[in-house]
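Protein chains: 2
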Amino acid sequence: MSQATRVTAGLVVIGDEILSGRTQDANIAYLAKWLNEEGVVLSEVRIVGDDRLAIIEAVNALRERCDYCFTTGGIGPTHDDITVDAIAGAFEVDVTYNEEALQMLGEYYGPQELTDARKRMARVPDGGGLVKNPMSGAPGVRKDNVFMLAGIPGIMRGMLEGLRGELAGAEPMLSASVTVLAPESEMAEGLAAIQDAHPEVSIGSYPFFRQGQIGAELVVRSTNAERIPPVLAAIRRAADAISAAWVDGES
Amino acid sequence: MSQATRVTAGLVVIGDEILSGRTQDANIAYLAKWLNEEGVVLSEVRIVGDDRLAIIEAVNALRERCDYCFTTGGIGPTHDDITVDAIAGAFEVDVTYNEEALQMLGEYYGPQELTDARKRMARVPDGGGLVKNPMSGAPGVRKDNVFMLAGIPGIMRGMLEGLRGELAGAEPMLSASVTVLAPESEMAEGLAAIQDAHPEVSIGSYPFFRQGQIGAELVVRSTNAERIPPVLAAIRRAADAISAAWVDGES
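Those protein sequence lines, which keep their order, are chains C and P.
Taking the working numbering, I'd label the letters of the first sequence as residues 4 to 254.
Taking the working numbering, I'd label the letters of the second sequence as residues 4 to 254.
Keep in mind the hints are simulated off the structure, nothing from the lab.
It is possible that part of the hints are untrue.
Copies of one chain are not kept apart here, so a pair can be met inside one copy or by any two copies together.
Claimed, not checked - Here are the computed lysine to any residue pairs in the SDA-like style, where the Cα-Cα straight-line distance is at most 20 Å:
| hint | residue 1 | residue 2 |
| --- | --- | --- |
| 1 | 36 | 96 |
| 2 | 122 | 224 |
| 3 | 36 | 173 |
| 4 | 135 | 112 |
| 5 | 36 | 140 |
| 6 | 122 | 193 |
Please work from the sequences and hints to get the whole structure.
Given below as structure tokens:
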């Protein structure tokens, strides 16, 4: 795949709870796969705390260098939810109430229960729009090429469902793998030669020690399905050459 | 905790397999907790692919703004393991063989089996040292304030064990929590008032929808143990005020 046709996204994960280790992130891998299905490559992730300047810096870096920038976290009703304000700061615009979001929240909570705290969830950077949330009343927010999604995995996934087909993606990246039951150091020279002979695909080597076995999963990636099988075959031959067992993978 | 006494670390996670979503990261939360035990705050994480320029940019940014910079991944024997070379580039130094590492690898594999590919794992940025690896022959690498660790979780954890007490840490951050079984939007105004009244602690609100229940875990953090209980008590009173059930957490 040529660089020219790559459509890229960056992700800014916002939350002290990830940086403190309290919460295991569950959104990065999910978003990465979802983007891949949409023909978009996740090219960089930054994890920052609930800190206005850190969010502004990360979002400005990734929205400029990537075609899209996603954020997760910090769009709820509490005092530590500062994503919308920070991203308005990144764009140097004010924050305004979005009428459609106010209406959605009013329908969800009922007009009596639409407190000031809940109204916070209808605030968007000036000129921004909404990302639908099928799970609760509070929508995500879009401003230009920046999508602000919820941090709760179930809600983030729902918002992504609503965004299917909305991004201008390129061709999806395809992959297939062979698992070789040998130390990757024994395969290294053969793999380097195969990669040199097939510069049009990328070959990743992911070693593992599991259930007492040492091995490596060798993943071949290309946007062109026809380019993958010859490389897999070369890897199998390289494994045979060092008398290592191998098994074809699922991805 | 004043900013002046914070000791910070950044982490650069290196690997196409994380950005493609194939592999769920298992190192960030572990490293965050380990750092916390050493009195160091993880202040930013960047995830980049197996790309020399991306690694150089991320490492240079984090080694300059943080007291320590850790990397995971890309220190194995295969063609896609480029961390040591990239970090030598970040420091603008050459890569050299480390004699101690060559000896360790020779003892591990046996002199006959110390192939060129395996010798790659003894390469360090000029002036760099080693991080011991209790699990296999290949050590991690240290160059100034940058620690290059393995990406395989079991090996990374072993390397961290060997680094215990090696960092100059500040006071560990302490935390305690109350889980309130109510939508966080109902607690938001009370929490904001409590945070305003207790600027010396940080209060995080982490909402959840699980097993049919809506709630939020409210985490109070401080380096001073005495400052936490009064804030927990204020949160319990705020929950009582909206007739919400609550339960004390473990962390």
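Starting from the hint list further up, note which numbers the structure goes against and sort them upward.
1, 2 and 5
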